[in-house]
Every structure is written in C-alpha cells, then in structure tokens.
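Chemist: Start from the sequences, fold in the hints, and give me the full structure.
Same order as they appear, the protein sequences are chains X and E. Read in order, the letters of the first sequence are residues 1 to 244 in the numbering used here. Read in order, the letters of the second sequence are residues 1 to 411 in the numbering used here.
Please note that the accuracy of each hint is not assured.
For each label pair, taking beta carbons as the anchor points, the in silico distance ranges come out as [claimed, not checked]:
#	chain 1	residue 1	chain 2	residue 2	range
1	X	E89	E	Y392	17 to 25 Å
2	E	V385	X	R86	35 to 43 Å
3	E	Q393	X	D88	45 to 53 Å
4	X	S159	E	A20	43 to 51 Å
5	E	G381	X	T34	50 to 58 Å
6	E	V385	X	L94	18 to 26 Å
7	E	R408	X	E89	15 to 23 Å
8	E	A242	X	D88	38 to 46 Å
9	E	G381	X	I26	44 to 52 Å
10	X	G160	E	T300	27 to 35 Å
11	E	T300	X	I26	48 to 56 Å
12	E	I347	X	D88	48 to 56 Å
13	E	Q393	X	A42	54 to 62 Å
Computed footprint of chain X on chain E, listed as stretches where at least three residues anywhere in the stretch have a Cβ under 8 Å from a Cβ of chain X [claimed, not checked]:
#	segment
14	9-23
15	394-408
None of these hints come from the bench; they were simulated from the model. All values derive from a computational prediction rather than experimental measurement. Note that beta-carbon positions come from the ideal geometry of N, C-alpha and C, so glycine has one too.
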Amino acid sequence: MSLAAPAATAQAAAAPLIEARAVTRILPGVVPTTLVRDVDLAIGAREFVAITGPSGSGKSSLLYLLGLLDLPTAGEVLINGRATARMDEEERALTRLTFLGFVFQFHFLLAEFTVRDNVMLPMRALGRLSGAQMRERADMLLSALGLGDHRHKRPDQLSGGQRQRVAVARALANEPPVILADEPTGSLDSKSSGQVFDVLHELVEAHGKTVVAVTHDMGLAERMHRHIELLDGRVVADGAHARV
Amino acid sequence: MNLVLDIAVTHVRAHLRQTAFAVAGVATGVGFSIMMAALMVGSQDDFTRRLVNTLPNITVSDERRAPPPQPAALTYDAAEFHGLTPEARRPGIKNPLATMAVLEAWVPGKIAPSVKVQAIIRYANHDVATSVTGIDPHREALVSDLPKQMRGASLTALYRATNAIVVGDRLAEKIGARIGANITLQTSLGARLSAQVVGFFHSGVRQIDESTAYTLTKTGQILAQQTGLINELRLRLADPLAAREIAARIETETGYKSVSWQEANEDLLSTFIIRNIIMYAVVGAILLVASFGTYNIISTITHEKARDIAIMKSLGLPEPTVRAIFVVEALIIGLAGALAGFLLGYILSRALGAVRINNPFVDTDRLPLAYAPLHYAIAGGVALVSSVIAGYQPARKAARQHPVEIIRGAT
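Modeler: Here it is in structure tokens:
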C-alpha cells in the first residue's frame, strides 16, 4: 500500500494526539442518562487502540467525544495538546476535517456520488488542492486500497467490504494523523472484516497513523496495541496487548 | 463544480419528480403574475396614454383657486363683506399673448390659447349639454392629438364654413347629426348660434367623445359674447409626467388656476393605485402559495438526507456549507421556476392579447397588454427570494442537526 507520508511519524509517542481529562457525558432528559463518566486517557502517535465493552457501555459515545462530534458535559478533550471546550462549531469542523478521519459501522457513503467523488468530498470541503490534485489523490488512495477499478462506480455497486474500504479512503483523504473507527467491521462478514482490519493495521504500522477503533470483536481487539475496556461509561481496563 | 452546487444539483436530480412539481408551482406563480401585470399595467397605460394624448397636459384657466382679496380688505383691517356676487361673465386671461410669451420662454413644450364655453346643442329634438372649445386648428395640433382623432374631415375643415363645428362621434350619434348638419348652440347667457357640423372626432375617452365640440376661437368668443376672450391656455409638455410640477410653477407665476392632467384625473389615478395594490397582493399570494411547494420539497430532501447531512458534518463540513447546499437547492427550484414562468407568462400574455373583446365601454377589440421586462424581473426576483426564504428554514434546521443523533439512529 502506498499512502501519503505520515505526518506524525517523528512525533514522540509520549505526546498525546488525543487526550481526555475527566470527561463525562450526560444526556439530559426527564431521567438523565450518563453515557461516559470521568474518563481520563491519552492516545499518542502510531497507537492502534481498541475500545471495547458491552452494549451501552459508552464506547461509541466516547469515540464521538474524542472525535469532537459531541461535547462533554464535564471535563475536556484536547486534540494535539489544544483544548477544544472553547472552540466554536467552525473550529471543531475544521479540526475534524484536517486532524481526524472517521470510519463508521455503516459505510455512510453518499449514494448519489461515485466512489471517487465520495473520497474527494473531504478534500473539496477543505479546498486546499486543485481539482486535478484531488482526483489524483483519490485515485491513489483507492488504488492503494485495491479499489482502483471501482472509482467510477456508485456505492450500491460495491460489496460491504469494498464500501468500508472506500470509507477508509475517504477518512484518509486529508491525511489526518488520527483515524477514529466506530465498529468498522461490525456489519461485515469475517473475510471482509479481516481485509478492513488489515487496512487499519497497515495505516498504523506502515504509515504512522493513530487508529482508535470501537469494536465488539474481541479477536480483533486483541490484535491491537492497546485495549481500553469500558463498563457503564467508565474505563475499567486500559492496557497494552502484544504487538501484532 | 463547486461542492455546494454539486451536492445541491445531485439532490435535485435525485428528486426529479418532486422538484418538477415545485418548479411547476413557482412557474405557475411567475407566469400568472406576469400575465396579470401585463394586463393591469397594459390597461392602465392605455388609459393614461389616451388621457395624456387627448387632453392637454396642463390647462391654465382664468379661474383662481382662492378669490382675490377685495380692495377694501387691503385698505382696512376691519372690513366685513356681505352679499358679494360672483362675476356673471368670465374675466378671461389678461394679456393672453403676453402670458403665453412668458410661459413659452421656460416651459418645455407647446402652448395654445382657447375659449371654453358651456352650451346646449340643439338638433332634431335633442338637447345635449356640451363643452364647446374655441381653438386655433394650427396651434391645436401642437398641444393635442385632435387632428389625428378626426373622422371624415381634417381639423382645418373648421375654416370651411361660417360657424363651423367639430363634434365628438358619440355626441353626433346621440343627437343624430351628420356632416353638413346645421345645429343650434345656446348658452346660459342667452347667446344663440347656428353652426354647421364639418367633422367628427374620436378620442377614445367616452366622456369626451359624447360631450365635447370644437369651433374656431372666434366662434367661441361670439358664443361667450366676449370679443378677444381667451379663458384657457392649453399646454403639451415634452415630458407629460412633469406636468404636476410645471403646473404648480405656472400657477405661482401667473396666479391663474393651472391644472395638470394628473390633477384633473386624480380620482382615476388613485383608482389605479388601489388596483395596483390589489394586483401586487394577488401576485404576492400566488407566489407565496408557490413557495410552499419549494418549502415542501426542501423539507422532504433534508428529511431524506438527514444521514448524509450527519456524515458531511462529521467529516468536517461546517454548518454554513451544509445550510448553503439546501438554500442553493431552493434557489435552483426558484430559478428554474422563474425561467419556466417567464415562458409561461409570455405565452399567457400572448394568448390573452389574442382574445377578441366586444365591449362598448372599451375602445379596442383587443385587450391592451404591457410587455415590460420589469414585470419579468419583479416576478422572477420575488420567486427567487420567496424560494430562498422557503428553503432557508428547513436548510437551517438540517444544518443544525446533531450528527451523533443521526449516526446513532442510522442502520
């Protein structure tokens, strides 16, 4: 796979790219629901992190908080050392666009657009490249993920695994140092799951990306560098697995 | 293509049938607005044109708006007046030629003197109250379209016979007079004159055509029993719309009552204002109803595309960009509707213009229509603005959606 040169390869592993400090998220309502409670964690460069836990333990909620898609009720999330609590919506959007890449359980590709257009979407939103450069980068990403021949197809013409790989290509479009994946293999068969996992793994090992993935699949979680386990919104275990 | 425009066009294309209905709604609104404006303004312009062309733009008469102060009132502080009687005879404009010369020096237009007398026309057992105006046919051509409105003879026919008279065609019809008929004119002062009908005129304004007659100035003076009398100066201006201001200045300078064509027809012109208010209210209502269609389609698209919105926001597209996508969609509908509406409006106007009408109160067999680019611009502009307003609310709501809620609920 020949993706772009990693942005944070030389960065010290000790300097966290994402940090949560006493993060709590409570859903307001007649009966307030606590999704995440007092979570402290720091994720550095080139880490391959699995977040696991039973359903309703707050895995996805924590990922959305780390990805600035949601705001904590208390505590703070720092991105690359920068506090995000006082960022306005536009700043958070720009941070997501440049620093974070998202892969969801369901590919969430825009159905009316071609595969290449979907990959180009974050680049077009950022607007730093010319049209030709965007096309070239999208084609390069798709080829690297084995989808070079499918770039003119629409998402509904691809298999589940292929769509998820397109979603990964889209997440990599603006060369973010961090990829956040919410059950990236959750809707795939075992073969496709393996392919997507391999892609994420290669992003870390070969390209210096940081990947944080929520997963139910303990087999996959055990193949990652670090395993954070949540229960009732709290971190109950946070430890390193053996390198894959 | 720009990202916002690209996504907007893609959404619209994906909802072609619903979009077509929304576009048809806007097009209908715009089309009927243009047709209504063409009809209303066309009839108004036609009527105004007739008024402006038929009547002098300004009439300076020998009357005064306020009676001149009595000499005694100027001399004594405590003078009281009882039993003042108005002058039985019209005083006429003093030194009319000098007054004309003064006005000609600055008024941008032409001036013609005339004598106006109220008289009864008697012919074949018909007595009809008539306004008889004594004119100079050559100068009259400079201030009104009377020479062009003549039927059966030219205006110079007034020179052909002693006491020649030209009457409105409806007046002639009413009394049954033909060319060559000898009619009798009688005034309230007892003057009686036999005159020969030498021609008819048709102004197109019913009130004028059935109660007005023209003679030579000299004949008018004989009828008024005042030699050398000029009691009206009739003016045609280079710019008829400036009549009100120029009339006011003439009145200030000469002291004589100076009436512009707008003042003379104020009640009609105020009716036009009310008509226009009604027209714009109806047009606004049509376009408002059309904008509901736009609101509906944009709401539908934003509802259906909630997941896409969440994805775009999670990828980092800022709220204004997401909002702009749906506002642009509304704009596309408004623009397409406006363009289709222009065509529809033109076709409807043409169709309406082809309809034959047979109304004795209207002097034409076709509806007068105004084909003004301004109507298209207004209808198109209102359609665009109303579409954007209609699209903005659902766009704003869509852009403010919390992506997490949608992503959690997505399957």
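Chemist: Evaluate each hint against the coordinates.
Modeler: Verification of the supplied hints:
1. Separation of E89(X) from Y392(E) is about 18 Å and conforms to the stated range, judged on CB atoms against 17 to 25 Å.
2. Judged by the Cβ atoms, the range 35 to 43 Å given for V385(E) and R86(X) holds: they are separated by roughly 37 Å.
3. Under the hint 45 to 53 Å, the C-beta atoms of Q393(E) and D88(X), about 23 Å apart, miss the expected range.
4. Between S159(X) and A20(E) the beta carbon distance is about 35 Å. The supplied range of 43 to 51 Å is therefore violated.
5. As the Cβ distance of G381(E) to T34(X) is approximately 53 Å, the hint placing it in 50 to 58 Å holds.
6. As the Cβ distance of V385(E) to L94(X) is approximately 32 Å, the hint placing it in 18 to 26 Å is violated.
7. Against the hinted window of 15 to 23 Å, the Cβ-Cβ separation of R408(E) and E89(X) comes to about 19 Å, which satisfies the hint.
8. Hint check: A242(E) to D88(X), Cβ distance near 57 Å, so the stated range 38 to 46 Å is violated.
9. Separation of G381(E) from I26(X) is about 49 Å and conforms to the stated range, judged on CB atoms against 44 to 52 Å.
10. Distance hint check: the CB atoms of G160(X) and T300(E) are about 29 Å apart, consistent with the given range 27 to 35 Å.
11. Roughly 34 Å separates the CB atoms of T300(E) and I26(X), a value that falls outside the hinted 48 to 56 Å.
12. Taken as a hint, the range 48 to 56 Å holds for the pair I347(E) and D88(X), whose Cβ atoms sit roughly 51 Å apart.
13. The supplied range of 54 to 62 Å is broken by Q393(E) and A42(X), whose beta-carbon atoms lie about 43 Å from each other.
14. For the segment 9-23 of chain E, the proposed coverage by chain X is satisfied: 4 residues have a C-beta within less than 8 Å of a C-beta in that chain, meeting the threshold of three.
15. Coverage of the segment 394-408 of chain E by chain X holds in this model, with 5 residues showing a Cβ closer than 8 Å to a Cβ of that chain against a need of three.
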